[in-house]
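So the sequences go chain by chain: A and B.
Quick note: the first sequence uses numbering that gives the first Met the number 0, first residue 0, plus one each step.
Quick note: the second sequence uses numbering that gives the first Met the number 0, first residue 0, plus one each step.
Heads up, a few of these hints could be off.
What the hints assert, rightly or not - Here are the computed lysine to aspartate or glutamate pairs in the EDC-like style, where the Cα-Cα straight-line distance is at most 16 Å: (1) K98(B) with E69(A); (2) K91(A) with D50(A); (3) K88(A) with D38(B).
It is worth saying that the hints were derived from the structure and are not from the lab.
Fair warning: this is a prediction, and the values are worked out from it, not measured in the lab.
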Amino acid sequence: MARDGETARREHAAHEALTRQPDPRPDGDRLVPPRPSPDLDDPMSYTYTTDLAAIRAVVHRYAIQAGLTEARAIDLTLAVSEVAANTVKHAKSPGSLHIWYDSKEIVCQVHDEGVITDPLAGRHVPSLDALGGHGLWIVNQVCDQVEIHSGETGTTIRLHMNLPQHDAGQ
Amino acid sequence: MWYNKGVDLLTVSVAARESAGEPYTLVEIVGEADVTNTDELRRLLDEEVAQQPRTLIIDLSGLRFLDSSALHALLRVNRSLDRQGGVLALVSPQPAVAKILRLTTADRLIPVFGSVAEAAAG
Chain A
0 MARDGETARR
10 EHAAHEALTR
20 QPDPRPDGDR
30 LVPPRPSPDL
40 DDPMSYTYTT
50 DLAAIRAVVH
60 RYAIQAGLTE
70 ARAIDLTLAV
80 SEVAANTVKH
90 AKSPGSLHIW
100 YDSKEIVCQV
110 HDEGVITDPL
120 AGRHVPSLDA
130 LGGHGLWIVN
140 QVCDQVEIHS
150 GETGTTIRLH
160 MNLPQHDAGQ
Chain B
0 MWYNKGVDLL
10 TVSVAARESA
20 GEPYTLVEIV
30 GEADVTNTDE
40 LRRLLDEEVA
50 QQPRTLIIDL
60 SGLRFLDSSA
70 LHALLRVNRS
80 LDRQGGVLAL
90 VSPQPAVAKI
100 LRLTTADRLI
110 PVFGSVAEAA
120 AG
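Please take these sequences and the hints and turn them into a complete structure.
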């Protein structure tokens, strides 16, 4: 991978953002407070309203660049699109997407002003007859770790995908 | 009859076809189907369901992406056709589309074929 100054700076910021370990989730269902976001001036930051195709293109590009296989890049793209779709459906203002990665994982963070009231959102298998509700379930199926924090200021969802050399499951 | 209806990101084409004397409706969906164009997709598919086809085949080979909203539109078509004695079949999903069909087990509910000819032969 080419490592120009820009990339190196970004990776440094990403590394700092990842130095804190994820909070333990013994029950797996508790809402987790978000850790500090990476530098807001980071070039891997995007604001979206309804342009989900553009968001998907960006996520897929960075997923491949970070080292995910094509199949896992598709998974992450699907997951981010589903989360961003919730912004389009429920939030009354634009959403933001931040992407960063280091040698271990790639993280996509989506924030919007919507509120998720169900702490178990996406944890149960929805019926195919249900009118909705597949989005967050899909996200939980394809991502290695999903953090959801929802409060008065909105909802932040972090989607983590392990990169191949650190993914013992592959 | 052919018509093309451009939806944002999405083109839907419909053709009346025949296989071994049996008529079927072939719908091609090209582009990316997500929450931003699901309403329009649903409306276009509903028009075809209203024609009460015995067999409705949706060719997905040109569809790069399908999200859960658009999937629900397909599941709705499947339910409607089932109720009126028709059959829905999907053809040639690309990897991203095949993934969501598999993940949600929609591919166990709706038959998926490798080609339109196979789908038409049932």
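Handout entry: Numbered hints the structure breaks, given as an ascending list
Key = none
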